[in-house]
Amino acid sequence: MTDTLREAYRLMRTIRAFEERVHEEFATGEIPGFVHLYAGEEASATGVCLHLDDRDAIASTHRGHGHCIAKGVDVKGMMAEIYGRRTGSCHGKGGSMHIADLSKGMLGANGIVGGGPPLICGTALAAKQQNTGGVGVAFFGDGASNQGTTLEALNLASVWDLPAVFVAENNGYAEATSSSWSVASDNIADRAAGFGMPGVIVDGFDFFAVHEAAGEAIERARDGGGPTLIEVKFTRYFGHFEGDQQTYRAGEVADARENLDCLKRFRTRVTEAGELAEQVLDAIDAEVAKLIEDAVTEAKAAPKPTKEDLETDVYVSY
Amino acid sequence: MTDTLREAYRLMRTIRAFEERVHEEFATGEIPGFVHLYAGEEASATGVCLHLDDRDAIASTHRGHGHCIAKGVDVKGMMAEIYGRRTGSCHGKGGSMHIADLSKGMLGANGIVGGGPPLICGTALAAKQQNTGGVGVAFFGDGASNQGTTLEALNLASVWDLPAVFVAENNGYAEATSSSWSVASDNIADRAAGFGMPGVIVDGFDFFAVHEAAGEAIERARDGGGPTLIEVKFTRYFGHFEGDQQTYRAGEVADARENLDCLKRFRTRVTEAGELAEQVLDAIDAEVAKLIEDAVTEAKAAPKPTKEDLETDVYVSY
Amino acid sequence: MARTISYREAINEALAQEMARDESVIVMGEDNAGGAGSPGEDDAWGGVLGVTKGLFHKFPGRVLDTPISESAFVGAAIGAATRGQRPVAELMFIDFMGVCFDQIFNQAAKFRYMFGGNARTPVVIRTMYGAGLRAAAQHSQCLYPIFTHIPGLKVVVPSSPYEAKGLLIQAIRDDDPVIFCEHKALYDTSGDVPEDSYTIPFGEANVVRDGGDVTIVAIGRMVAVAEEAANELKNNKIEAEIIDPRTTSPLDTETILESVENTGRLVVVDEASPRCNLATDISALVAKEAFGSLRAPIEMVTPPHTPVPFSDALEDLYIPDAQKVLNAAKAVVEYRR
Amino acid sequence: MARTISYREAINEALAQEMARDESVIVMGEDNAGGAGSPGEDDAWGGVLGVTKGLFHKFPGRVLDTPISESAFVGAAIGAATRGQRPVAELMFIDFMGVCFDQIFNQAAKFRYMFGGNARTPVVIRTMYGAGLRAAAQHSQCLYPIFTHIPGLKVVVPSSPYEAKGLLIQAIRDDDPVIFCEHKALYDTSGDVPEDSYTIPFGEANVVRDGGDVTIVAIGRMVAVAEEAANELKNNKIEAEIIDPRTTSPLDTETILESVENTGRLVVVDEASPRCNLATDISALVAKEAFGSLRAPIEMVTPPHTPVPFSDALEDLYIPDAQKVLNAAKAVVEYRR
Ligand SMILES: Cc1ncc(C[n+]2csc(CCOP(=O)(O)OP(=O)(O)O)c2C)c(N)n1
Ligand SMILES: Cc1ncc(C[n+]2csc(CCOP(=O)(O)OP(=O)(O)O)c2C)c(N)n1
Ligand SMILES: [Mg+2]
Ligand SMILES: [Mg+2]
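So the protein lines, in turn, are chains A, B, C and D.
Here full-length UniProt numbering is used: position 303 in the first sequence is 303, and no number is missing along the way.
Here full-length UniProt numbering is used: position 49 in the second sequence is 49, and no number is missing along the way.
Here full-length UniProt numbering is used: position 299 in the third sequence is 299, and no number is missing along the way.
Here full-length UniProt numbering is used: position 188 in the fourth sequence is 188, and no number is missing along the way.
There's no promise every hint is true.
DSSO-like cross-link-like pairs, simulated, lysine-lysine; straight-line CA separation at most 30 Å [claimed, not checked]:
hint : chain 1 : residue 1 : chain 2 : residue 2
1    : A       : K307      : D       : K324
2    : D       : K53       : A       : K307
3    : C       : K324      : A       : K307
4    : B       : K304      : C       : K288
Computed beta-carbon distance windows for the label pairs [said to hold, decoys possible]:
hint : chain 1 : residue 1 : chain 2 : residue 2 : range
5    : C       : E239      : D       : R337      : 21 to 31 Å
6    : B       : Q130      : D       : S197      : 55 to 65 Å
7    : B       : A27       : D       : S197      : 53 to 63 Å
8    : C       : M1        : B       : T247      : 51 to 61 Å
No wet-lab data here; the hints were simulated from the structure.
Backbone N, C-alpha and C fix where the C-beta goes; we use that ideal spot for every residue, glycine too.
With the rest of the complex left out, here is chain A (with noise of 0.2 Å):
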């Protein structure tokens, strides 16, 4: 348990010190494209991937850095992706909307808003055929509750019966639109029902709930009780994008930083419980900010990637 807490808390430190970076390389104007980051939603990408492992995967977002992070993909890999490097996760050719790793089921941020929930059907079901224990979970927004792929998921996931489980990250809005006006029910977990599975709602800058309530679903998954809709509410801390001015908000952010911020919570309670000292956490923040600084350092000293590799990688023969 303590390891786990641990780890726990090394996921979220490097999530939250990746795109606090990245926030601030961003302004330099090195980084090119668009950027989502996931400053303050640390807690789902990490409560919910502690429980899987090799026979699992995942399906992220634009807002995938958390997700991949959590499952493991190599966050110098992705810094290097970000920066459009050869030595990238995907080589420089995918970016931050694209990081993905097969080889640990990591099936890809997605640059298309509700473009994940269909794919995790995939992977459930293809661990159902092949009898290994394994689960799907899509990652998706509030605003991808709204999509349509993704209300067909979830019908197709009960209908098959499928270990999957849909984490819907409502973090208040989609760009600069509120969910409580796009969301037309109180709660998207509220549209579980109607599918035919359970659904849930969890305070996301809790980590201990969102581990406790994707436990719960991933466990019946396995055990073959077919699939739930978690939702996990919070507040993302930085703009829709970077660049976002974020005219549209009120005072949310400065509070949910002071006052409900999941690290701060998650320090705060291990530590008085003394599951872990305060000395072991400043370790792990000490490892992982060496960790991003290497990882920055490196991605901008990285070749970018040449005329050779325009072509390669389209299919695999032709």
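Got chain A; can you put chains B, C and D with the ligands on it based on the hints?
Okay, now just chains B, C and D with the ligands, sitting in the frame of chain A:
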């Protein structure tokens, strides 16, 4: 009220007679293409459309004849269309699956399962923008209730607070697939809550039940009370399309025809209550029989479209 | 040993043989068995036109019915393909691609490139295309040009039972996403097909008929139309060479160019809508790469730029026929600058 | 009076003028205002790149934010168009067509034909296309060839602020469904644009530059690339005629054919993927209709058959540039049979 009852019976009888006759004619091999018959489901189209007028629009499905007749599309034009004649509702260009009459607010049968509900959000939006008090009604099947387009439309209608009614015609099957299997919730109406609207279940063999539920929903919509999902449960009398051997079915059709039939029940009820006399109903039957006979005769005698028609009607201007 | 079987049977046999050979092959689609949850027969349909009939009982648990949720189940096939399965998903009519295209062209087609080569998505999407069954505008389209346009997809358009079987087996064994386009008006046509399993490689055209006067490239069902025209042309002492590309992506450009270098004349017959279709694609290829050999304008025989009409009277005018191919071939042969 | 404004401003102005002129024009899309249900500013975004900014307050109740439900709201725009509105729906990136294509190509595009002429669907779908912003494979496609393939759709590809305004006003007044493709890398480019309202008719190409040695047909952003190449060609004493079709459907075939009849040489520059794209479409047109005038192979300058890469290093290689157009033009001018 007597007028409404008479009209209700006339519409239901017209639909039944139309479909029974198309069934016979199809068997002779003279009707081209795919034909899906609405017999058995008459109370739905009729019970809903009797509340509608020129301000209102409906969208239908591949099983569209009943909706067309109930919304006032010319029966002879329909028959000619099914025969592919130049005198048909669509000049022979559409066929059974695309009969439409926009001047009557009938947006078309639709070859795409789930094609209609998004369109109806639009007709409802237009009514709202123009402040006509009009409503939009989308008919769709149990199979279509699993199509993402349908589910998205439910949410959008709620979010935009549209004067729309969604009528899920659950006839137990999508092709050969049972709705008890393909719809993961117990009822399609159970999905309404997830999209912030009331969900109602009615006996589709009972004209009065449909008429009442639809009346409430349509009135609420006209009054600015937003959309409703109505699930109408019944059985289709013929195969999915003409030619379907229906080996997936048990004795439900014989039972329904014998004990649940909407026309029989309607007749019993109105005659027993003394609202309409047997003779009045018989006279309608005779009138309808003649109409259908004439429609077939005229359709068979009508000319087919010619070379000159092939490339017209693609654009208003090009 | 070859027997005469139908296009439908050839496809069914290819599926059955590959399912027997490789456990990871699974089949899914609306009513691919037929009867899920119903009280009667549980393999009631075998697909809307019976192509997958019988597989359900032969391969228990490996033929899956689906709800009418094309995005979800096509996506599921794609997801499963990334995890060790070789799914064959049926998109009943190619016309329905509009409700699930994203999963095909933004997901399956791009995984390998976006992920820097670290993906393999061996999924086959079988789908029915084409006019001739009076199925009207939403059930009669070709649309393979759209899939051909997308890098990352392979597109197969078998013209006969023999091609159907060999190309489908190849598609299933292939490691890239494949769109397998079956012409609905061909299902009941017959031809000689070996009983044993065999593959036809992608990107290798079939020279259906040799001839030195004009090259006719024809796609899918149009191959038979071209053959009909070629018989008639022979009566006019014109020898047409007919090329069936068999796959539009990859396209066997070499065979086409060689033929045109020999004949100097080209007619392309494509049942797809005329703008940005295979006829334009192949014409452009030749106008670029074999211009020096061309002795006449390149003719394209296609339907008009209209949706597919319902009425038999119109549909018969809509679909390219042998007469139109004949006229085009004569025009290019008789052309004098 | 013309002033210099940006492509973004030109589009915004066209929308504002048409909304002022015609009450039935409404605008909808994800964050087209921005801020629905949120505590802060209620016109916070004006679309993801600010194109519709300001309209929300100018035209109360006529700029609608939407959930991320492209099928539903694009379908709603289409449905509303059949009932007296002239909706302009924004499909944020053209790459998202895969989740809503059915409503566009099977519904809007086919209504009029399927219903025997008894339908009118004046809907405009504005959408952003093209590479250059390091937006990677799912946010950088062109895809207008797919829409051009579909009978019943009109497709507009404005190359400058002037064309953008005049073509958008025409699109809104047009009675057919129009796909209006805005190149994301052009939003910040500027040009002279009349303040008053004006329309540019569909199907009339713009001859951007006269020249007798080679015809260059270029689409959308490629017009500027062609101009750059033409300047360089001039230094080589080669006079290029540049044609901007402005609409790909309808296509002004006459202007293209006349030019090639004069120059005898053709280069087509298309940013879309190379198979079944506009470059092949226009090449095929010319190889069929102007063969007698052609004095050289038809060259096509397009990206390779790959998804759009993310890294700036690769994306810059991917997009056709002036050097490639220059090389192609030189090749056809210098060609000897
Ligand atoms: C199909 C599709 N529609 C629209 C977009 C543009 N888009 C990208 S992210 C986003 C908002 C997503 O909101 P949500 O699902 O809540 O995820 P979050 O950004 O809050 O993590 C939108 C509209 C897209 N990428 N794909
Ligand atoms: C998008 C799409 N998928 C599949 C089909 C093929 N199809 C036509 S009708 C049908 C069954 C529809 O079932 P349901 O919605 O219950 O309507 P019913 O036929 O029972 O009236 C199917 C699968 C289609 N036309 N469109
Ligand atoms: Mg969100
Ligand atoms: Mg049904």
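Against the structure, the hints:
{"no.": "1", "hint": "A:K307 / D:K324", "in the structure": "holds (15 Å)"}
{"no.": "2", "hint": "D:K53 / A:K307", "in the structure": "violated (40 Å)"}
{"no.": "3", "hint": "C:K324 / A:K307", "in the structure": "violated (45 Å)"}
{"no.": "4", "hint": "B:K304 / C:K288", "in the structure": "violated (44 Å)"}
{"no.": "5", "hint": "C:E239 / D:R337: 21 to 31 Å", "in the structure": "holds (25 Å)"}
{"no.": "6", "hint": "B:Q130 / D:S197: 55 to 65 Å", "in the structure": "violated (24 Å)"}
{"no.": "7", "hint": "B:A27 / D:S197: 53 to 63 Å", "in the structure": "holds (59 Å)"}
{"no.": "8", "hint": "C:M1 / B:T247: 51 to 61 Å", "in the structure": "violated (33 Å)"}
Hint violations for this structure: numbers 2, 3, 4, 6, 8, all remaining hints satisfied.
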